[in-house]
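Got two chains here, each in a separate frame; can you build the complex from them with the hints?
From first to last, the protein sequence lines stand for chains A and B.
Here the first sequence is numbered in the numbering used here, starting from 1 and rising by one per residue.
Here the second sequence is numbered in the numbering used here, starting from 1 and rising by one per residue.
Wrong hints could be hidden among the right ones.
[Claimed, not checked] Calculated cross-link-like contacts (lysine to aspartate or glutamate; reagent style EDC-like; alpha-carbon spacing at most 20 Å):
{"no.": "1", "chain 1": "B", "residue 1": "54", "chain 2": "A", "residue 2": "103"}
{"no.": "2", "chain 1": "B", "residue 1": "37", "chain 2": "A", "residue 2": "38"}
{"no.": "3", "chain 1": "A", "residue 1": "57", "chain 2": "B", "residue 2": "94"}
{"no.": "4", "chain 1": "A", "residue 1": "70", "chain 2": "A", "residue 2": "56"}
{"no.": "5", "chain 1": "A", "residue 1": "70", "chain 2": "A", "residue 2": "96"}
{"no.": "6", "chain 1": "A", "residue 1": "11", "chain 2": "B", "residue 2": "42"}
{"no.": "7", "chain 1": "B", "residue 1": "56", "chain 2": "A", "residue 2": "103"}
{"no.": "8", "chain 1": "B", "residue 1": "54", "chain 2": "A", "residue 2": "98"}
{"no.": "9", "chain 1": "B", "residue 1": "5", "chain 2": "A", "residue 2": "59"}
{"no.": "10", "chain 1": "A", "residue 1": "70", "chain 2": "A", "residue 2": "54"}
{"no.": "11", "chain 1": "B", "residue 1": "37", "chain 2": "A", "residue 2": "103"}
{"no.": "12", "chain 1": "A", "residue 1": "57", "chain 2": "B", "residue 2": "1"}
Simulated from the structure, these hints should not be mistaken for lab results.
Each chain, written out:
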Amino acid sequence: DAGITQSPRHKVTETGTPVTLRCHQTENHRYMYWYRQDPGHGLRLLPYSYGVKDTDKGEVSDGYSVSRSKTEDFLLTLESATSSQTSVYFCAISDDRELLGDEQFFGPGTRLTVL
Amino acid sequence: DQQVKQNSPSLSVQEGRISILNCDYTNSMFDYFLWYKKYPAEGPTFLISISSIKDKNEDGRFTVFLNKSAKHLSLHIVPSQPGDSAVYFCAASDFINTGTASKLTFGTGTRLQVTL
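Looking at chain B on its own, in the form it has when it is part of the complex (with noise of 0.2 Å):
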């Protein structure tokens, strides 16, 4: 069962105007947010966080907005540039109980593509 999903495989956005990728969530013990951005070829990078006492971080052009109620997360791009084309992944954490860590459990990814 998907516990975080991202129901968009695809969006395709003009430079300049605001991307919103989406997420779902269904477990209410996850607490910390992640969205991660990957180009072909290379590792997911971090991108930016939200703890679940927050409803909004931001970071730049980069903004998180979490509805706990909804359990539903966005990430928002404000303005969309070429460079921001690649696939980006929702991540939610919980805790691993063998220690300090925390386990990441990712949707499938939203590929973003900005046009000119």
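Just chain A, same shape as in the assembly (with noise of 0.2 Å):
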């Protein structure tokens, strides 16, 4: 398996409330992604980084931000959590599509609630 960590792996939160989620890898990688899973939609792609401190919009940006300061770190921030947010979020990786292709590692997931 991939070296993918996520942290927290549960999280319950009240609305208007800053979260941060993080996702660790051991790979090296230089891609990283974050998802969320919400029933009838799927895996969305949220805010991704393609290097260090480079990062771009996903599919669903609003209410996220991200930063990457280290290959391996990857932190997905809610500034101003609502309920909507209430979901399932996954952290992937990849490197260079000559590389390994177009496969994405992914982790645990964390689940996150708010109230």
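So, in structure tokens, the structure goes:
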């Protein structure tokens, strides 16, 4: 299994509070992604990183920000959590297509509940 | 607009029989397709993939077929086993312009139940 951990694994918070989720990899892969999984929507891409300090928007970006100060760590911040952000969040990693193809490796997920 | 669609939310198949999971896409720029399997409380795990220049890829009990003209792919599992019971996601890939990686667009998933 790819070395990807996510913390916390579960989080309950209140509307309006900031929340930060952390993803840590030991694979030295260049690309890191955040997804959210919701019933009826599958997995939707949130902001992602294509290198240290390099990030871009995904399919869903409103209310989310990310930061990557070193290769192994990727943070997702909900600056003011809302109930619509209750979801399961997955981190994924990948490397250059020429090296590993298009496969992305996923972490175990964080279940976030916003009350 | 859903670019990758899995129109069957669930499928039930008897052990030993064939499971066929379907996926349709709309974006002709997708050049690579993947299937992921997901158990409850775990992250998705990669199962099998196919390049857009091929029409079939086989790996053990799993075969993926791609029909580019119909923008349709399917995953065949033969024979189905109880351990195959999971949610299966179809994903399609295209380039991220900012580098040499790809961006995956996922379908909504099909829950497969393999019964004894």
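Consistency of the hints with the structure:
1. B:54 - A:103: 17 Å, holds
2. B:37 - A:38: 16 Å, holds
3. A:57 - B:94: 15 Å, holds
4. A:70 - A:56: Within the cut-off at roughly 16 Å; holds.
5. A:70 - A:96: Since the Cα atoms of residue 70 (chain A) and residue 96 (chain A) sit roughly 18 Å apart, the hinted pair holds (cutoff 20 Å).
6. A:11 - B:42: Holds, at roughly 16 Å.
7. B:56 - A:103: Within the cut-off at roughly 18 Å; holds.
8. B:54 - A:98: Holds, because 18 Å separates the two Cα atoms, which is no more than 20 Å.
9. B:5 - A:59: Cα-Cα ~16 Å, so holds.
10. A:70 - A:54: 10 Å, holds
11. B:37 - A:103: Answer holds: residue 37 (chain B) to residue 103 (chain A) is near 13 Å, not above 20 Å.
12. A:57 - B:1: Within the cut-off at roughly 17 Å; holds.
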